[in-house]
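Asks: Quick note, the sequences are listed as chains A and B, same order.
Last residue of the first sequence: number 1030 in the numbering used here, and the count goes up by one each step with no gaps.
Last residue of the second sequence: number 1030 in the numbering used here, and the count goes up by one each step with no gaps.
Be aware that a few hints might be false.
Which residues of chain A face chain B? A partial, calculated answer using Cβ under 7 Å [what the hints assert, rightly or not]:
(1) HIS811
(2) MET815
(3) ASP905
(4) TYR924
(5) PRO977
(6) GLY980
Stretches of chain B that chain A covers, calculated by requiring three or more beta carbons in the stretch to come under 8 Å of a beta carbon on chain A [as the list claims (entries may be wrong)]:
(7) 650-661
(8) 870-880
(9) 940-953
(10) 980-988
These are calculated hints, taken from the structure and not from any lab test.
Here a beta-carbon is modelled for each residue, glycine too, at the ideal position from N, C-alpha and C.
2 protein chains.
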Amino acid sequence: MKAEIISVGTEILLGDILDTNTQYIASRLPGLGIDLYYTSTVGDNLGRLTEAVRRAFERSDLTIMTGGLGPTEDDLTREAIAAALDEELYVDQAVADRLRAFFTARGLPFPERNVKQATLIASARALPNPRGTAPGWWVEREGRVIVAMPGPPAEMERMWNEEVAPELAKRSTGAVIVSRTLKTIGLGEGHVDEMVSPLLKSANPTIGVYAKMDGVHLRLTAKAATAAEARRLIEPLEAEVRRILGEAIWGADDDTLEGAVGRMLKERGLTLATMESCTGGLLADTITNVAGASDYFKGGYVAYLPETKASLGVGAELIEAHGVVSAEVAAGMARAARERADADIGIGVTGVAGPDPLEGKPPGTMHIAVDDGVSPQTISYTYYQGRLATKRRAVTTALALLRRLLLARG
Amino acid sequence: MKAEIISVGTEILLGDILDTNTQYIASRLPGLGIDLYYTSTVGDNLGRLTEAVRRAFERSDLTIMTGGLGPTEDDLTREAIAAALDEELYVDQAVADRLRAFFTARGLPFPERNVKQATLIASARALPNPRGTAPGWWVEREGRVIVAMPGPPAEMERMWNEEVAPELAKRSTGAVIVSRTLKTIGLGEGHVDEMVSPLLKSANPTIGVYAKMDGVHLRLTAKAATAAEARRLIEPLEAEVRRILGEAIWGADDDTLEGAVGRMLKERGLTLATMESCTGGLLADTITNVAGASDYFKGGYVAYLPETKASLGVGAELIEAHGVVSAEVAAGMARAARERADADIGIGVTGVAGPDPLEGKPPGTMHIAVDDGVSPQTISYTYYQGRLATKRRAVTTALALLRRLLLARG
């Protein structure tokens, strides 16, 4: 089934509110075996909205609309559907009665303007909305369907789950789509793409390569009659991808790098401590976003000033000799973190978060060290994407370096 | 100027990622006097993408695209624009050289695949992207403009602000909408709404009241021929709102609570240190997200385990007597942070980030203290919204408590 989503509302076009309904619905269509071809947002304008509905009805088997079902004059979704299908709006008595009951139940007078929420067209039936005043519309003609749901997420989500999705599940003859995401670190998008390029021709399952903040992701997507069958299609391709990319793959689907590294530490019974300057606590914060991090994370130090570093056991002479922003000081911080917190492994991060240079070194200069007392490792690079992204990238790199150390230890 | 936005990516249609670029751009168009008529998302399909670009070029003066500029086979934005305008793609040598230099600067080999990122058409010029490998496109033909920017927000936002917006500002002629946001803390949404209710009738400028994670925001929006004129309309209303809400207002527009508190510390020549357990470094991270935080932030300690707290000077007997999750230990941590880091003010945060209880205390239990050696203050509450939201709320509360202390000191 070919579908598209239209969200309605000038406030979305003004950027005043972020439309999350579209993603909510989009993420649920593959599991129903429905293919989403387009999404769009149109403002509260009858002409443009009508045109959008008409085009959607022509090119899509299923059109899902959210918003524009309120009682005010600029709520125009019903009017637009009626105009696009060239049908007359009429007040449905049963719907009107339910609407009046909704107000009565709350001891409120019934505003006459809300009568428009009780209108229907010949091809439409009303979808109940116990959470609000706006009933939805299920429109069916010439074997094509238009669904209109209210904009408030709480109302839309209930209507989707209880009224719309079950109905669509019955009709969708389409195959189910299942996705599996493999997450890599240490390879660029272009390189991963090159390495798996022979597999990119695969039609079912397909492979997509995406650069993310925590590395390059590969998305394997299979289409089949059932979810189980789709998963069976994915398995051999996943095995092949894993063979090609090997240890570059650190996790799958909802795994996070901090979670993956945390599992490795737990399995090996190792503890961790951090000392960071330019990342300012983001490394410790990220590590402790994992529930149960207290099993392996002993603590962290945010040594934001040279004197603080010195007071935490990073040799002042080291700072003297190489400057605060140096691989040597990063190594010293990793060692000091390990010793002070009495941990098995320490991580040290020093660099220039920006926007201004430091010690004549440009923003984005970064030195990261891990120290397990046996084979300390350091990595240095310069990459500036703004202060926050630079901190985030340093944290990802630090976790990747820790992972490499743990893999080397076996 | 009639504009529309097209975001490109199958992962958006699958609901795997939430498109925030569209809102970012949409929210900035009113200030440029540009009217946004449509936004849409199209997957990585050359036929559908080409059709979308062709329709946009026909009906809109300005088409803004994000995504699909990567090096992989399913990055098709350039190909779609070329096809829609019926122009030939060619490799631009200057762009190719910049691209190779980008890789060389990072000590990376240049994957031949990335050459496609150096392609142009006759009507296009490249927009530099120092934050990534994908240059943008500025396409101009028959007095109409198509702008293509990369999908990663850090890259898109820089390109928008430095390359695209200034160029559009020169060309736009429409009436300008200017918004001013005033940010409060310590008052509920209903309370703020009540206090300013006489002003809510105002038609131009309008006032909107929104509850946000960092307190309640008031949005003042005016429409006029020029930005200056719109700002003049806002000024008296802003003055009135400030008179009514007074010290509850901590900032405006892009101000952050950490930035506002940082300014207060700098003005007063005071230094700060933190000791946090359940927030795991998020407090220090948030404070150091402010450029120049090194002027007042001396450092922080992430005391994730009781023994770490003790080793950092939080009396073991204190922990014995009251438990780690207690107002007394929070106060002890604030004092210890101040003394150890030799700072004027210390902040201590202890609590239960969840999902599991600790010491029999439920997730969301939080104790926060600030200590300036004169009039220490503590705040305690229980509010659980999941681990990450709980950490975030504790940080906001800690910054608000610090602000209250600084205001009291005068």
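Asks: Now tell me, hint by hint, if it's right for this structure.
Replies: We went through each hint and held it up to the structure:
1. The closest approach between the C-beta of A/HIS811 and any C-beta of chain B is roughly 6 Å, which is under the 7 Å cut-off, so the hint is satisfied.
2. Among the interface hints, the one on A/MET815 is violated; its C-beta lies about 10 Å from the nearest C-beta in chain B, farther than the 7 Å criterion.
3. Residue-level restraint check for A/ASP905 holds (minimum Cβ-Cβ distance to chain B is 4 Å; threshold 7 Å).
4. Interface hint status for A/TYR924: upheld, as the beta-carbon distance to the closest one in chain B is roughly 5 Å, under 7 Å.
5. A cut of 7 Å between beta carbons decides the hint on A/PRO977: the least distance to chain B is about 12 Å, and the hint is violated.
6. Of the supplied interface hints, the one on A/GLY980 is violated, with its beta-carbon coming no nearer than about 16 Å to a beta-carbon of chain B, more than 7 Å.
7. Proximity of the region 650-661 of chain B to chain A, defined as three or more residues with a beta carbon under 8 Å from a beta carbon of that chain, is established by the 7 residues found.
8. For the region 870-880 of chain B, the assignment as covered by chain A is violated, since 0 residues bring a beta-carbon within under 8 Å of that chain's beta-carbons and 3 are needed.
9. By the rule of at least three residues with a Cβ nearer than 8 Å to a Cβ of chain A, the coverage given for the region 940-953 of chain B is violated, with 0 such residues.
10. Restraint check on the region 980-988 of chain B versus chain A: 0 residues with Cβ-Cβ distances below 8 Å, three needed, restraint violated.
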